[in-house]
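Visitor: Protein chains in written order, with full-length UniProt numbering: chain Z, 1 to 139; chain X, 1 to 286.
Among these hints, one or two may not hold up.
[What the hints assert, rightly or not] If you want the footprint, here are the derived chain Z segments under chain X, 3+ residues with CB under 8 Å:
no., region
1, 39-46
2, 49-59
3, 96-110
4, 128-139
[Said to hold, decoys possible] Covered by chain Z, according to a simulated footprint, are these stretches of chain X (three or more residues, beta-carbon under 8 Å):
no., region
5, 210-219
6, 236-242
Derived by calculation from the structure, the hints in this document are not laboratory data.
The beta-carbon is built from N, C-alpha and C at its ideal position, and this holds for glycine as well.
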Amino acid sequence: MTSGVDLSRPQAQTVGSDEDVVRVRQLVRTVAVAVKLSLVDQTKVVTAASELARNTLVYGGGGTVEVTAVDNGRRPGITIVFADSGPGIADLELALTDGYTTGGGLGLGLSGARRLVDDFDIQTAPGQGTRITITKWSR
Amino acid sequence: MALSTDESGRLADLLTSRVDRVIQRWTEVVGEQLRGRLSQAELLRQVQELHRALVDALGKGAVDLAAEEATELRAVLAELSRGQARQGFSATETATGVFALKDALLSAMEDDQSTRTLRDYVAFAAMVDQMGLFTFESYVHTREGLIADQAEQLLELSTPVVKLWEGVVAVPLVGTLDSARAQVVMERLLQTLVDTGSPYAIIDITGVPAVDTQVAQHILKTVVAARLMGADCIISGIRPQIAQTIVALGIEFGDIATKASLADALRHVLRLTGVESGRRQSRREA
Chain Z
1 MTSGVDLSRP QAQTVGSDED VVRVRQLVRT VAVAVKLSLV DQTKVVTAAS ELARNTLVYG
61 GGGTVEVTAV DNGRRPGITI VFADSGPGIA DLELALTDGY TTGGGLGLGL SGARRLVDDF
121 DIQTAPGQGT RITITKWSR
Chain X
1 MALSTDESGR LADLLTSRVD RVIQRWTEVV GEQLRGRLSQ AELLRQVQEL HRALVDALGK
61 GAVDLAAEEA TELRAVLAEL SRGQARQGFS ATETATGVFA LKDALLSAME DDQSTRTLRD
121 YVAFAAMVDQ MGLFTFESYV HTREGLIADQ AEQLLELSTP VVKLWEGVVA VPLVGTLDSA
181 RAQVVMERLL QTLVDTGSPY AIIDITGVPA VDTQVAQHIL KTVVAARLMG ADCIISGIRP
241 QIAQTIVALG IEFGDIATKA SLADALRHVL RLTGVESGRR QSRREA
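Here chain Z stands alone, though its shape is the one from the complex (with noise of 0.2 Å):
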């Protein structure tokens, strides 16, 4: 797992059950190893990743997770792109208030990980599905 990953490409990773969301998990650390982010940034970006993987299996009903080991000429850093095509998010605003749950979780998934990571971008619309893109950089 831990050996051969390209990353001069971006990995993909569908998500579909509960063993996706662990393979997404290995997937982001192993890349996140690779861009030499410390052991602190490390486990955030994998801590969010597996927050919104799992978003966009129970919520967006299943999707894909895209992890690119991008550089922007000073420092190495980690993308990954969570896209499902469910139901979107309606009110993005209120989805991003601590403790808003619709699915009896502590409500803290997308709010955390937008915590977690640097760059944080989403995009969504009712009916549209959910495109949410993060990055950490190395520091």
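We have chain Z; now place chain X onto it with these hints.
Guide: Then chain X, alone, in the frame of chain Z:
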């Protein structure tokens, strides 16, 4: 692609009339592939059994592997691949055991120079292919079964509840804490609390690689359930990177005691029991 009745009969003839040659070449090819991982006697026995089952099936008029007459042949193939899958042979090695029959057939047919030979060989080879694919499927099926068994065993294995001290039990969590495992952990812990009458439980998460909101929620539920039964829970094994991640996520453990290491947690409990044992007892009596 099924054999014609004629072809089926000719294949049976070939296999019986050249039995020595076929079996000799067959064992040779398989033996080469397995390089001594199976004893010569065992190998010969397997090849003879397959040979016999195939001849039987053809003799009864089977024209392909799916035929009613080939039931026993299928059973022999399935048994063979099950055995090899369990013994750790690779899929290639297992399938080669069947595909080697092609070599054996070719060697048995070499002397026959009639024009029919090529057509026959192609038809026979198609039959062998069917047998090979069937072997492969049985192999995969067996391996999947083994993996499912192991996953279940792992689930059992990885959630021990250990008694650390008089009145103190601990659950060292290792690996991914998904809903299924969280359920097993909670059941085991609560049952152990009842069985041992322990007032303290330590949940150690040193071996959990990432604590996300789902894991946290499972742990919190376990703690609340233990509290309902009158036991205090301490969460230990919170490493620096996990602590920082939990803070950033915004998870609050409230008034649940948390410690960096299992040793700290045990010390904490012993201090509580040592200093407050009188008070706890009087509270219980009241």
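Visitor: Hint by hint, say whether it matches the structure.
Guide: To see whether the hints hold, each was checked on the structure:
no.: 1; hint: 39-46; in the structure: holds (count 6)
no.: 2; hint: 49-59; in the structure: holds (count 3)
no.: 3; hint: 96-110; in the structure: holds (count 5)
no.: 4; hint: 128-139; in the structure: violated (count 0)
no.: 5; hint: 210-219; in the structure: holds (count 7)
no.: 6; hint: 236-242; in the structure: holds (count 3)
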